[in-house]
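Enquirer: Chain residues, written in single-letter form:
There are 2 protein chains.
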Amino acid sequence: MIGRLNHVALAVPDLAAASERYRDALGAKVSQPQALPEHGVTVVFVELDNTKIELLEPLGEDSPIAAFLAKNPKGGMHHVCYETSDLRAARDRLTATGARVLGDGEPKIGAHGKPVIFLHPSDLFGTLTELEEV
Amino acid sequence: MIGRLNHVALAVPDLAAASERYRDALGAKVSQPQALPEHGVTVVFVELDNTKIELLEPLGEDSPIAAFLAKNPKGGMHHVCYETSDLRAARDRLTATGARVLGDGEPKIGAHGKPVIFLHPSDLFGTLTELEEV
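So the protein lines, in turn, are chains P and H.
The opening position of the first sequence corresponds to residue 1 in the working numbering, with each subsequent residue numbered one higher.
The opening position of the second sequence corresponds to residue 1 in the working numbering, with each subsequent residue numbered one higher.
Looking at chain P on its own, in the form it has when it is part of the complex (with noise of 0.2 Å):
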């Protein structure tokens, strides 16, 4: 049912520190950051051979991922994405087996324009889970 790691997020309190130091000392191709107001964050995608990683700074008021730095101020990984070709069948299927979307369980649109949906990190051991359709 998952496919592919479409990323792994990593919230970041400085993104421009973080873009320079994954960029000179990891040696890694990271992009120009892009702010995505509609999501509370401004990212940076590192991308590797296989998949990228998202550098996450929050983004005005509310930003989904505020609370998270606050609790871990230098940054951490905040969630992975897997990607999946019938997000509706993969949402069926995760509560069929007790896990929970997080929100109204109704996919929305993420932040590369694609239906998402979160489960409860409760549900996977402690791991914020993000499904993609593509």
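Watch out, some of these pointers could steer you wrong.
Remember, identical chains collapse to one label, so a pair may be satisfied in a single copy or spanning two.
Simulated pairs of lysine to aspartate or glutamate, EDC-like, Cα-Cα distance not exceeding 20 Å [as the list claims (entries may be wrong)]:
| # | residue 1 | residue 2 |
| --- | --- | --- |
| 1 | 52 | 132 |
| 2 | 29 | 123 |
| 3 | 52 | 130 |
| 4 | 29 | 133 |
| 5 | 114 | 92 |
| 6 | 108 | 132 |
| 7 | 29 | 86 |
| 8 | 29 | 47 |
| 9 | 29 | 130 |
| 10 | 29 | 132 |
| 11 | 108 | 130 |
| 12 | 74 | 14 |
| 13 | 108 | 92 |
| 14 | 74 | 123 |
| 15 | 114 | 38 |
| 16 | 29 | 92 |
| 17 | 29 | 49 |
| 18 | 74 | 20 |
| 19 | 114 | 86 |
I should point out that these hints are in silico values taken from the structure, not numbers from a laboratory.
Since the model is a prediction, treat every value here as computed from it, not as a measurement.
Start from chain P and add chain H according to the hints.
Expert: Coordinates of chain H only, in the frame set by chain P:
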């Protein structure tokens, strides 16, 4: 310098339950558990189309993930691992920019039988990061 994402490691308190959930709820292909006593973990590989997730459960005394699970009893995202073709060159570049290598700074043989280093999470914005030579 860094190439593929080799794996994302998720620490879990109950490997059998996690393995079942990734298989049944997410429809993922999961391996049999493999005990790695010299690394203090039992691991289940979740095979994705482009990379893998490693579910880690503590094994024996002094497991390197015991403290993490004491702090995060439900489990959580533990580290990411990137591949590199020349680990010593990568290490030298990292330390030249001020990033610290855990331990004595020399590569060790990791859980896949290949040389690895771990970088101090504080130097990568709270994310514990492994580099593996492939």
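Enquirer: Take the hints in turn and mark each one as holding or not.
Expert: Structure-based check of each hint:
| no. | hint | in the structure |
| --- | --- | --- |
| 1 | 52 <-> 132 | both (14 Å within a copy, 17 Å between copies) |
| 2 | 29 <-> 123 | between (34 Å within a copy, 18 Å between copies) |
| 3 | 52 <-> 130 | both (14 Å within a copy, 16 Å between copies) |
| 4 | 29 <-> 133 | between (25 Å within a copy, 19 Å between copies) |
| 5 | 114 <-> 92 | within (18 Å within a copy, 40 Å between copies) |
| 6 | 108 <-> 132 | within (10 Å within a copy, 36 Å between copies) |
| 7 | 29 <-> 86 | between (31 Å within a copy, 17 Å between copies) |
| 8 | 29 <-> 47 | within (5 Å within a copy, 25 Å between copies) |
| 9 | 29 <-> 130 | between (24 Å within a copy, 18 Å between copies) |
| 10 | 29 <-> 132 | between (23 Å within a copy, 18 Å between copies) |
| 11 | 108 <-> 130 | within (11 Å within a copy, 33 Å between copies) |
| 12 | 74 <-> 14 | within (9 Å within a copy, 28 Å between copies) |
| 13 | 108 <-> 92 | within (15 Å within a copy, 44 Å between copies) |
| 14 | 74 <-> 123 | between (26 Å within a copy, 9 Å between copies) |
| 15 | 114 <-> 38 | within (14 Å within a copy, 43 Å between copies) |
| 16 | 29 <-> 92 | between (37 Å within a copy, 19 Å between copies) |
| 17 | 29 <-> 49 | within (10 Å within a copy, 22 Å between copies) |
| 18 | 74 <-> 20 | within (16 Å within a copy, 33 Å between copies) |
| 19 | 114 <-> 86 | within (12 Å within a copy, 37 Å between copies) |
Checked against the numbered hints above, the structure violates none of them.
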